[in-house]
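Line order of the protein sequences matches chains Y and X. Numbering-wise, our numbering puts 226 at position 226 of the first sequence, and it's gapless, one number per residue. Numbering-wise, our numbering puts 241 at position 241 of the second sequence, and it's gapless, one number per residue.
In case anyone wonders, no lab produced these hints; they're calculated from the structure. Since we're looking at a predicted model, the values are computed, not measured. Nothing false has been slipped in among the hints.
Residues of chain Y placed beyond 12 Å of chain X at every Cβ, according to the derived structure:
{"hint": "1", "residue": "Gly42"}
{"hint": "2", "residue": "Gly67"}
{"hint": "3", "residue": "Asp285"}
To give an idea of the interface, some chain X residues facing chain Y are shown, with a C-beta separation under 7 Å as derived from the structure:
{"hint": "4", "residue": "Ser163"}
{"hint": "5", "residue": "Ala167"}
{"hint": "6", "residue": "Leu171"}
{"hint": "7", "residue": "Gln177"}
Label pairs and their calculated CB-CB ranges:
{"hint": "8", "chain 1": "X", "residue 1": "Leu70", "chain 2": "Y", "residue 2": "Gln68", "range": "52 to 58 Å"}
{"hint": "9", "chain 1": "X", "residue 1": "Thr94", "chain 2": "Y", "residue 2": "Ala249", "range": "55 to 61 Å"}
{"hint": "10", "chain 1": "Y", "residue 1": "Gly107", "chain 2": "X", "residue 2": "Arg93", "range": "26 to 32 Å"}
By construction, the Cβ of each residue, glycine as well, lies at the ideal position given by its N, Cα and C atoms.
Listed here are the chains, written in short residue letters.
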Amino acid sequence: MTISGIVRLEQVSRHFGATRAVDAVDLTITEGEFFAMLGPSGSGKTTCLRLIGGFEQPDSGHIVIDGQRAEGLPPYRRPVNTVFQDYALFPHMSVGQNVAYGLKVRGQGRAERDREALDALRLVRLDGLADRRPSQLSGGQRQRVALARALVLHPKVLLLDEPLGALDLKLREEMQVELKSLQRRLGLTFVFVTHDQGEALSMADRVAVFDRGKVAQLGTPEDVHDRPRTRFVAGFVGAANVLEPAVSAALGGPEALVSLRPEKIGLLAPDTRPRDDALEARIVDISYQGAFRRLQVELRTGMRLSVQVAASISASFSQGMVVWLNVPSAAFNLLEAD
Amino acid sequence: MRSERQGRGLLRVGAFITLLFLYLPLALVVLYAFTTEERSYQFPPPGLTLRWFAVAWSRTDIWSALSLSLQVAAVATLLALFLGTLAAGGLARTRFFGKDQIALLLILPIALPGIVTGLAMRSSFDLLEIPFSFLTIVLGHATFCIVIVYNNAVARLRRLSPSLIEASMDLGASAFQTFRWIILPNIAKALLAGGMLAFALSFDEVIVTTFTAGQQQTLPIWMLGELIRPRQRPVTNVVAVLVILITALPLVLAYYLARDGGEEHP
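Just need the whole structure built from these sequences, with the hints factored in.
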């Protein structure tokens, strides 16, 4: 593991007209990690990935990949390969030819590249389908071909653009596990872009949350989920409650902008008031979420909070009921003032 | 419904009359290639014979005109394939100031009346003191052949996913390798269809050719000359049958190729 990181972005900006798609981003990706760039559409995460891949060039700033300046280099001069969102398989070639393409343009002999392509297909458990056309494969299989085609070149970093976006839910969960185990087995740096926070949190070692062209927060999944730094991160990652200073103080927290996770708010029945200054709230909505229930409660002030309770105790609450809120002081998470 | 049935019957009759109107003259041209009467076209032909095919075969003026037309069409088509593909490649995906205007200027020659194109080229060749020759005929034809190839290529390129090209570059291919291994195989059918269409158009072109040819005669020009002299008239019809065959085949092929090439590859 190098100290400087396998990929480093220094004050990188990319503008499209007046839009700052990527705005002075600093980012260091460590060798061998599974790194997620998470954000809503238009947040700059995809442009950032394309800047690393070489499909975009920065307007300013530096990009260093594996110790080498990469800005200005075309995609084919960078030790990275990309799995495209639409997979971008070549329709006029067989699966085997698709995977061997990168070796072919490098001038490798037929026998050698066929053998390596087969190895790569075996890695993604698709050996036996080498003679098929991409149009004859399912979505999940195409995704694996795209993976094999990128991995066969032994890149230093594998870039994945919304790799699971086009798959249905069940397949997506399977591929999450498979991608993760593939990454561990190969010990390779994976950088993937997603707008799905669940996907980012469950797969990545570290997550960069993008907001309007900037990295709003960079940290482990626990960091960004439990200790968001800004109002945006708190809302986007895990839909936490964001409380203004006065509301926070009224609930027993610090008089500052804070976030409060829905599962950390306790609800007590009307006859069990926890403290003299406890706040009361009315349940306005209960929605079924499987193992738990998500409740909307309304404070006297009209402010609404989202509360999560286990299914086992949810039976004691009903819509319209007035309850006491009990929030442990450790549950308040300070946010940067915006 | 009675009126609906009547309407449909009328429509059928109308379609039949239209087809008759379009194809009866062609049928007559073919018929009189076999007539035994050589000076006038009387109906019905007094008798049928294959004699004119033998006569046409032995006429050297027909052979030289046919050969010139085939050569002009071939060279004009090749030129159009080269330039049309380059123009399409340059304009299909890029964005720059004045791009729409350039695209319009590229297509304009096909909308211009042939007589204007012909006149313009003739005066240009005069001004530049280029003698009328094989080359000037080719240049005249290339003006509209390029448009045909360009249109076919640009339509296909627009449907090609841009990520295919990025994927190729990502996998280490240079621009030339990407063109050779990814773009060309995907637009080949469209190019072939455009090329055949261009060939057919060039092969039977009269108007521009009359302005840009010197003493040479392409096949259509030869036919035009033949109509004035009533000597061995059915020979002209024999040549017309030949022209129908030479132009119809590529057109039919181009139609099927273009249809085939239109299929989206998932």
